[in-house]
Amino acid sequence: MKFSIKRSAFIQGINMVSRAISSKTTIPILTGLKLSASNEGLVLTGSNADVSIETVIDRNDADNELIIEEEGSIVLPARFFSGIVKKLPSDKMTLSVANGFQTEITSGTSSFTINGLDAADYPHLPEIENDNEISLSGDVFKEIINQTVIAVSNQESRPILTGVHFVLKDGTLFAVATDSHRLSQRKVALPDNQGEYDVIIPGSSLSELSKMISDDTENVKMKITENQVLFTIGNTYFYSRLLEGTYPDTSRLIPKDSETNVQFDAYELLGAIERASLLSHESRNNVVKLTIKANVKQVTISGNSPDVGNVEEEVESKEVVGNDLEISFNPDYMKDALRAFGHSMINVAFTSSLRPFTLVPSEDAENFIELITPVRTF
Amino acid sequence: MEKRELYDGIKDLESQTELMLTQFTEVRKALTEVMEENAELRIENQHLHDFINEQKENVENDNKKSRPRSSKSRENLEHLFNEGFHVCIEFYGSHRENDESCIFCNEILNR
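In the order they appear, the protein sequences are chains C and L.
Note that the working numbering gives residue 143 to position 143 of the first sequence, counting from 1, and the numbers run on in steps of one.
Note that the working numbering gives residue 98 to position 98 of the second sequence, counting from 1, and the numbers run on in steps of one.
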């Protein structure tokens, strides 16, 4: 195998697949990065058994300055290899595999020889044979991910809750995540996509994927099989395993009616919660209290820590309707939830001090909802 | 000779400490068992009391219809939840760490 390439294009590809490569893997060959040169171009692969990323550097794209002199493939130790490529002196570089798996990398006057591994030992990527493809615009998809992964559980003891539940039905895509303390649900209408899916995608895979979707990403295509999902972003293919099992029924969790409704500016409320949580983090149970007095349209947030002191803040609210209420909750969940709204106005609906409350955007309230369970205080 | 006595003394002390540690562990285990049993007995006792009261009420309101008791099982669940255990289908019986909240339990308790 022998090729030469523009270094910046190569680094971009290496960065892409390196996301999947971990130095802590039980399969030694997966610490490597697979390169394979063929007629079409250069294919880079990285994998950690859960997630695999493959990217193709096109031979026909003049920007890449890719010249393949000899086809073939090799696996190189990712950590050293990417370090070397990034530090090479010239704009162009040449890589050739000599006898055995010795690989020579040259650029300008510099020359490295590193030991590679047989590419035949590298695990095969799953074959996704499915004509039914879901296509979503990059920014919408990124938004779906960022709005749901915040509620994913990070406790390995509850494997099923470490994923985001995706359901495509009747032309609507639902994405739901919960860690049993809070819940986040996003709905997107996909009228052009027929077919039905019900899968659980690991939250960690989705976070990684969302980092790969840049502002100029046009479309993300999604293909699903029994235990794998493939996302296609331009020339890059992102494979992830799916979580096995049945996701708990979350449809009943969302309250249908409410007793008290308040409208906030999400960003202002976030600031107040952040201030109150400064003290609550010091106390053992980490709760802040929200007090609503509907007749005087007053909303107060308070937090206290027996050792340090207490804080009280009146929050500006646009609208207060319903009964008076006192409710305590974990401010960290509230912060995560509010960050997903940015600067928009939100409606918060409470039922009682013991029932979960909901946050929805004031505009387009149908499509995004967050649920937080209060903490029982006695 | 003195050194040897010192060594033997320490060795004795070591085995005694070990023995004590084992005894501590055993006593702690026994205590846990007793606590569990105590909780069970308390609940059982409560049930029996409730049963007796109910019987009394039934005798008193013999010709009246007995009042609906649909919330009985829910009370039990709520009791369990307050004791620090999950009552939801997903994690039933597992311990709620730091008295954490649970969406699923909440839904069941307020159904």
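Worth double-checking, as some hints may not be accurate.
[What the hints assert, rightly or not] Quick list of in silico lysine to any residue cross-link-like pairs, SDA-like style, CA-CA up to 20 Å:
(1) L:72 - L:47
(2) C:221 - C:189
(3) C:223 - C:174
(4) L:72 - L:110
(5) C:289 - L:108
(6) C:335 - L:88
(7) C:169 - C:192
(8) C:256 - L:109
(9) C:221 - C:335
(10) C:256 - L:108
(11) C:289 - L:111
(12) C:221 - C:256
(13) C:289 - L:98
(14) C:256 - L:51
(15) C:335 - C:322
(16) C:318 - C:286
(17) C:221 - C:193
(18) C:256 - L:111
Because the hints were derived from the structure by calculation, they are not lab data.
Now for the hints, and whether the structure bears them out:
Annotation: proposed proximity of residue 72 of chain L to residue 47 of chain L holds, straight-line Cα distance about 10 Å (limit 20 Å). Pair hint residue 221 of chain C plus residue 189 of chain C holds up; C-alpha atoms about 15 Å apart against a cutoff of 20 Å. Distance check on the hinted pair: residue 223 of chain C and residue 174 of chain C sit about 16 Å apart at the alpha-carbon level, within 20 Å; holds. For the given pair, residue 72 of chain L sits about 14 Å from residue 110 of chain L by alpha-carbon distance, which is consistent with the 20 Å threshold.
Pair hint residue 289 of chain C plus residue 108 of chain L does not hold up; C-alpha atoms about 24 Å apart against a cutoff of 20 Å. A hinted pair counts as satisfied when its Cα atoms are at most 20 Å apart, and residue 335 of chain C with residue 88 of chain L does not qualify at roughly 26 Å. A hinted pair counts as satisfied when its Cα atoms are at most 20 Å apart, and residue 169 of chain C with residue 192 of chain C qualifies at roughly 12 Å. Of the supplied pair hints, the one linking residue 256 of chain C and residue 109 of chain L holds, its CA atoms being roughly 16 Å apart against a limit of 20 Å.
Proposed proximity of residue 221 of chain C and residue 335 of chain C is contradicted: the alpha carbons are some 31 Å apart, above 20 Å. Taking the CA atoms of residue 256 of chain C and residue 108 of chain L, the gap is near 15 Å; set against the 20 Å cutoff, the hint holds. This hinted pair does not check out: residue 289 of chain C and residue 111 of chain L have alpha carbons roughly 25 Å apart, beyond 20 Å. Distance restraint check for residue 221 of chain C and residue 256 of chain C: the Cα-Cα separation of roughly 34 Å exceeds the 20 Å cut-off, and the hinted pair is therefore not satisfied.
About 18 Å separates the Cα atoms of residue 289 of chain C and residue 98 of chain L, which keeps this hinted pair within 20 Å; it holds. Distance check on the hinted pair: residue 256 of chain C and residue 51 of chain L sit about 37 Å apart at the alpha-carbon level, beyond 20 Å; violated. Pair hint residue 335 of chain C plus residue 322 of chain C does not hold up; C-alpha atoms about 24 Å apart against a cutoff of 20 Å. Annotation: proposed proximity of residue 318 of chain C to residue 286 of chain C is violated, straight-line Cα distance about 27 Å (limit 20 Å).
The straight-line distance between the Cα atoms of residue 221 of chain C and residue 193 of chain C is roughly 11 Å, inside the 20 Å bound, and the hint therefore holds. The hinted pair formed by residue 256 of chain C and residue 111 of chain L meets the criterion: a straight-line CA distance of about 12 Å does not exceed 20 Å.
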